[in-house]
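S.K.: Throw the hints in and build the complete structure from the sequences for me.
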Amino acid sequence: MTFSSQVYSSWKEIQEEKYKIILQHFPEIFSGLILDIGSGKGYLEKSLAVNKIGANIVCIDMEKPANLLASGDELPFKADSFDNIISIDAIHLVKSLDFTRVLKKDGLVLFTLFFNQENYNSKKKLIEEKLSGFKILSSMTAKGKENEYMVLARK
1 MTFSSQVYSS WKEIQEEKYK IILQHFPEIF SGLILDIGSG KGYLEKSLAV
51 NKIGANIVCI DMEKPANLLA SGDELPFKAD SFDNIISIDA IHLVKSLDFT
101 RVLKKDGLVL FTLFFNQENY NSKKKLIEEK LSGFKILSSM TAKGKENEYM
151 VLARK
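Quick note on the numbering used here: the sequence shown kicks off at 1 and runs consecutively.
What the hints contain is simulated information worked out from the structure, not anything from laboratory work. Any given hint could turn out to be false.
Lysine-lysine pairs mimicking DSS-like chemistry, simulated, CA-CA at most 27 Å apart [as the list claims (entries may be wrong)]:
| no. | residue 1 | residue 2 |
| --- | --- | --- |
| 1 | K105 | K95 |
| 2 | K12 | K145 |
| 3 | K123 | K145 |
| 4 | K46 | K12 |
| 5 | K124 | K155 |
| 6 | K64 | K78 |
| 7 | K135 | K95 |
| 8 | K78 | K105 |
| 9 | K64 | K95 |
| 10 | K105 | K135 |
| 11 | K46 | K145 |
| 12 | K78 | K155 |
| 13 | K64 | K12 |
| 14 | K125 | K104 |
| 15 | K20 | K155 |
| 16 | K155 | K95 |
| 17 | K155 | K135 |
| 18 | K143 | K20 |
| 19 | K145 | K20 |
| 20 | K123 | K143 |
| 21 | K124 | K12 |
Just the calculated beta-carbon pair ranges, DEER-fashion [as the list claims (entries may be wrong)]:
| no. | residue 1 | residue 2 | range |
| --- | --- | --- | --- |
| 22 | I14 | E118 | 17 to 27 Å |
| 23 | S139 | K105 | 16 to 26 Å |
| 24 | L126 | R154 | 16 to 26 Å |
| 25 | N119 | E17 | 15 to 25 Å |
| 26 | L69 | N121 | 30 to 40 Å |
| 27 | A79 | E17 | 27 to 37 Å |
| 28 | A79 | Q117 | 32 to 42 Å |
| 29 | G32 | Q117 | 30 to 40 Å |
Yeah, the Cβ is synthetic: ideal placement off N, Cα and C, and Gly gets one too.
M.R.: Below, the structure is given as structure tokens:
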């Protein structure tokens, strides 16, 4: 078990709190074929199943149990493969913008990052830079056991 596997396991309750917020505020992201970049232990997909949301998701991560072991920097998919892309607390680890290649025209992207009072502005800026050229549809901060900045954008 690696360090990140241990961290993922300890975050289950915190992540589930975030998924409730995402399902409430951004339900449109769960349509069509979705790419989940940095899926971790698959908590999002399990949460969707529990909530009876039949989303068609391809999960990638650098560790198991993702559907596919892959890097968000070099996605092993053809151009225009996905209707929507989601990345919860992982997009800061992705250096490239390859996600734009695999996202269909008018596709949606939901990126979230956890933050604290000291790094809020830098996390917000990081997401906004990744989404340069996209139309920001909505953004919000969610306060909870872990604070989260969330942005929904259209290609």
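S.K.: All hints are to be evaluated individually against the structure, with a verdict given for each.
M.R.: Here's how the hints hold up against the structure:
The hinted pair formed by K105 and K95 meets the criterion: a straight-line CA distance of about 22 Å does not exceed 27 Å. With a CA separation close to 12 Å, the supplied pair K12 and K145 stays within the 27 Å bound. Between K123 and K145 the alpha-carbon distance is near 17 Å, which keeps this suggested pair within the 27 Å criterion. With a CA separation close to 11 Å, the supplied pair K46 and K12 stays within the 27 Å bound.
With a CA separation close to 18 Å, the supplied pair K124 and K155 stays within the 27 Å bound. For the proposed pair K64 and K78, the alpha carbon gap of about 23 Å is at most 27 Å, so the pair holds. Pair hint K135 plus K95 holds up; C-alpha atoms about 21 Å apart against a cutoff of 27 Å. Of the supplied pair hints, the one linking K78 and K105 holds, its CA atoms being roughly 14 Å apart against a limit of 27 Å.
Pair hint K64 plus K95 holds up; C-alpha atoms about 21 Å apart against a cutoff of 27 Å. Annotation: proposed proximity of K105 to K135 holds, straight-line Cα distance about 12 Å (limit 27 Å). Proximity of K46 to K145 is assessed by CA-CA distance (about 20 Å); at most 27 Å being required, the pair is judged to hold. Annotation: proposed proximity of K78 to K155 holds, straight-line Cα distance about 17 Å (limit 27 Å).
Pair hint K64 plus K12 holds up; C-alpha atoms about 16 Å apart against a cutoff of 27 Å. For a cut-off of 27 Å, the pair hint linking K125 to K104 stands: about 24 Å separates their Cα positions. The hinted pair formed by K20 and K155 meets the criterion: a straight-line CA distance of about 25 Å does not exceed 27 Å. Note on K155 and K95: the hinted pairing holds, with a Cα-Cα distance of about 19 Å set against a maximum of 27 Å.
The straight-line distance between the Cα atoms of K155 and K135 is roughly 6 Å, inside the 27 Å bound, and the hint therefore holds. Simply put, K143 and K20 have alpha-carbon atoms about 13 Å apart, close enough for the 27 Å limit, and the pair holds. Of the pairs offered as hints, the one joining K145 and K20 holds, with about 13 Å between alpha carbons and a cut-off of 27 Å not exceeded. Simply put, K123 and K143 have alpha-carbon atoms about 15 Å apart, close enough for the 27 Å limit, and the pair holds.
With a C-alpha separation of about 24 Å, the suggested pairing of K124 with K12 holds against the 27 Å cut-off. Checked against the hint of 17 to 27 Å, the pair I14 and E118 passes, with Cβ atoms roughly 19 Å apart. Checking the proposed 16 to 26 Å range against S139 and K105 shows it holds: the Cβ atoms sit about 22 Å from each other. Remark: the range hint 16 to 26 Å for L126 to R154 is upheld by a beta-carbon distance near 19 Å.
A C-beta distance of roughly 20 Å is found between N119 and E17, which places it inside the suggested range of 15 to 25 Å. Between L69 and N121 the Cβ separation comes to about 33 Å, which falls inside the hinted range of 30 to 40 Å. A79 and E17 have their C-beta atoms about 35 Å apart, which keeps the hinted 27 to 37 Å range intact. Taking the beta carbon of each, A79 and Q117 are about 40 Å apart, inside 32 to 42 Å as hinted.
The beta-carbon spacing between G32 and Q117, approximately 37 Å, falls within the hinted interval of 30 to 40 Å.
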